[in-house]
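Based on the provided sequences and hints, a complete structural model is requested.
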Amino acid sequence: MKRFLIGGFHAARRQPLAIGALFLFHFFWSMLLYRAVEERVVNVMRRFPPPQFPGERVELFLNESAVLLFKSGLAVPTLLTLAVFAAVRLAVVPLLHAGVFESLHRVNGPRGTVFIEGIRRHGGAFALLALLRAALTAVPLIWAIPYGWSRLLKADSAVSLAAAALPLLAGLAVYGGLIKLLFMYMQFGKTAGTGMLRGLWLAVRRLLPVCLIALAVSAAALLAGALVFAASLAWAGFAALALHLAYPVIKMLFKVWDISAQHQYFREAQGRQTAG
Amino acid sequence: MMRPPITGRTAGWRRTAAAILVLVLLAAAAMLTNREAPEAPVHGPAQQPPPPPDAAEAPVKPKPAPLSRHVAEYHIGVRYDAGEQTLWGEQTVTWKHPGEKAAGELYFHLYPNAFSSMDTTFMKESGGRLRNSKMKDGSFAAMELLTVKSNDGEDLTHRLQFVRPDDGNPADRTLVRLRLPAPVEPGGSVTLRMTFRVKLPHAFARMGTAGDFVMAGQWFPKLAAYETAGTRRRGEEGWNLHQYHGNSEFYADFGIYSVTIQVPENYTVAATGFPVRSPAASGGVKTYRFYAEDVHDFAWAASPDFIYHEEKFADKHVPGVKIKLYLDPAHRHLRDRYMTAAKRSLSRYSEWYGPYPYSTLSIVVPPRGGDGAAGMEYPTLITAWEASTERPGLELERVVAHEIAHQYWYGIVASNEMEEAWLDEAFASYSEMRLMQAEYDVKPDPPLEASRILSPAPLNQPAWRYADHAHYAENVYTRGKLVLLAIEREIGEKAMDEVLRRYYERWKFKHPSTADFLDALEETTGRSWKPFFEQFVYGGRMLDYAVERIRVRPVRQNGQPAYENIVTVVRRGGYDDPVELLFRFEDGSEVRRTWDGRSESKTFRLIAPAPLDWAAVDPDQRLVLENRHFNNILHADIDETWKIRWNLALSRAVEAVFAWMFG
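Keeping their order, the protein sequence lines are chains A and B. 8 is the number of the first residue of the first sequence in my numbering; add one for each residue after it. 1269 is the number of the first residue of the second sequence in my numbering; add one for each residue after it.
None of these hints come from the bench; they were simulated from the model. It is possible that part of the hints are untrue.
[Said to hold, decoys possible] Which stretches of chain A does chain B cover? Using the computed rule of at least three CB atoms under 8 angstroms from a CB of chain B, they are:
hint	region
1	27–41
2	51–62
3	92–105
4	139–147
5	240–251
[Claimed, not checked] A short, non-exhaustive set of chain B residues, derived as facing chain A with CB atoms under 10 angstroms:
hint	residue
6	P1715
7	S1719
8	A1884
9	N1895
10	H1897
11	N1899
12	N1900
13	H1903
14	R1920
15	V1922
Just so you know, even glycine gets a beta-carbon here, dropped at the ideal spot from N, CA and C.
Here you go:
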């Protein structure tokens, strides 16, 4: 298995264009998202009851906010903003992925041309797949959100809340990860020309090694992320902000590594397949 | 009868014999008038109703002067067919014209017809639900007037016509007009005999069955209220006519009820008023006789499962009442809680407003599944919440307190529940709040309750003008209660009790309007409350004062460095006076200011050695009607470090969700 990880890492290193394209998008996207979040955080912070008021004042603040969010139209502009962000992401990212996947598939040829051709050939299919993936990933939320909300209301303390929340979040994360892997293999199949369903079937049959590879890369990425997070909390101020914005480069490297490691495995597994 | 001579021993013997003879004759007369009810005949699903029991005679006893004007006198006999879930009834009703103009027609409410189809006004407005109980599919109900005859037997049934004065809905049959053969002269009366049948629904919207339990509310053809000139500030006298709406309750004139109720033998019946004698059972049927006077409605409930308990209660303020509890077996262990809640309520309300004037108070606890009949008030009879949990919280006491408060605000002070619902609901809610605080140490939380008022609307408008039931309840119960609390906070608890006592004294057994309450308030406090009522009762305003903007800049004062702090406060809702402000500076010092709250905005300029930390309007939450508290406080600035921390944390969380879902 190590060879897929190492092979994948080397393949990723040879894709500066792919990493760069993804980074650029995420950089600007993150900046805009940060601005949107900042506006709302500042609004709340400017109104939050200062410590000179009794604790009930904070409770009133939270209760009143909940009433306004759920029973009046206060949440609508924010939801719309989130919808716009989602739409942009769904429109742009699959195209970028199409370029990345093609670039991984066709090792020879000028990177730029290959990338653009990838977008042209697979962009449409990848966009549809992304939409389908989003829908499937969101399905458990139909149950999870009401369940989580009712547990939140019944929680006596932060500890019991965490105890209830962690398994739920972990479950959702695992489910989302599985969906992502399955769709990734469908994308490999499309790129390789052997068909999306074949790719899916391959992933299903070889689910264990696929998951192990994904876990290995995720572990490394989590470690890196945790270090950066700790640093940003400790530093605060402008340094933290700069780190927050530069971090995507590291993240995109991991992301491309993740894809290319799986791609190495896909190629070998498919090769074995066609070889008989 | 012979007259014994008043001499000697022979005379004494004759006197004794005469006394015995008188006693025997009286006993015989009593036995003859207390005839056994006729056997309920067995019948199939025939068109003709079997005769219900004879309508009861009013008991013969010397009565004190009536407390109210007896406009309507009902003698009703009803039989409950548990198998068919149907009531067969016969009533003799006398209407005594209280006005000055001849009346050529009578109007009756047939409330159960609101549940006869999905197209009635009630169903269209409510969407088939009331509070949390929903109409069970196919469980419709209806009230049929089978015959209407004049006192001399003339058939008047063809003179009936359904009317829809509120919305013209042809599918609505909750109000019927009877054109009389001859008009009733002022001060005169007319008597009618009617037979009717009520098909009961599964317990929904205050009537119906739940298992073996049956709740009969608004179960008989009920005369509409006739308001004399000047009542509720009306110009000319006339009938007060409304259909049964999704949000509305009821309105009728005071009078006398003499009701005979026949139920299966193993049932116990709870009813308005008091039983005239013990129930008589024969042939599988039990017959009860109840009597009530100075009430404007009569309700009853029955079940084979009731656990009955009664206690006489009197104290310094309560002259004497028999509390009759009809418990569902599931709440057997909670008997004392119900009784205690009833006693405390009766005692306090009698102390605050006036002695409870009736001799009985019945409390019915519906079984699980009977939530459609729960939490309702009738004269001298209330229903508590359904017995669904083994360990209820204080909502048990709260509903008892609320419904007993309704005895005062609705039962005795008989406001018009259809046109001015807040006069009974807000007042009962306010009294309940005071009771829970005084007796059960429950502290009210006005800011929290106010923050839930999102669509304030005028309080004294017809019940069906509110958008839906939630809108109606939000205003008529909660906002009205807060308005009363706002008045109390301004004038003090003692003065408030005086206001309510004056209002109760003046309007007991009468029909007041909002303006009449306003008068009582102004007289007691000796000042005008019109601007307050214009905004918060007749108008649908709440208060919303907000600190809108803070600007801080360094200046010099007396050669020393200082800061000019400019704070803009705005008024977004109604106005109240005074409005307090609190300014806190970064050096820990504080300044308070007062504003009359009238103008739309006010700017404060404070020069201080330190810059402003934050500003707050109404810091002590004295404004009961303020419903947006979050904008009462504004920080001059925020901590940059924490801002970035929160931003990063939230951004990361949002990005994680996006990555999870969209990759």
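Verification of the supplied hints:
| no. | hint | result |
| --- | --- | --- |
| 1 | 27–41 | holds (count 3) |
| 2 | 51–62 | holds (count 8) |
| 3 | 92–105 | holds (count 6) |
| 4 | 139–147 | holds (count 4) |
| 5 | 240–251 | holds (count 6) |
| 6 | P1715 | holds (5 angstroms) |
| 7 | S1719 | holds (4 angstroms) |
| 8 | A1884 | holds (8 angstroms) |
| 9 | N1895 | holds (9 angstroms) |
| 10 | H1897 | holds (6 angstroms) |
| 11 | N1899 | holds (7 angstroms) |
| 12 | N1900 | holds (9 angstroms) |
| 13 | H1903 | holds (5 angstroms) |
| 14 | R1920 | holds (8 angstroms) |
| 15 | V1922 | holds (6 angstroms) |
Checked against the numbered hints given earlier, the structure satisfies every one of them.
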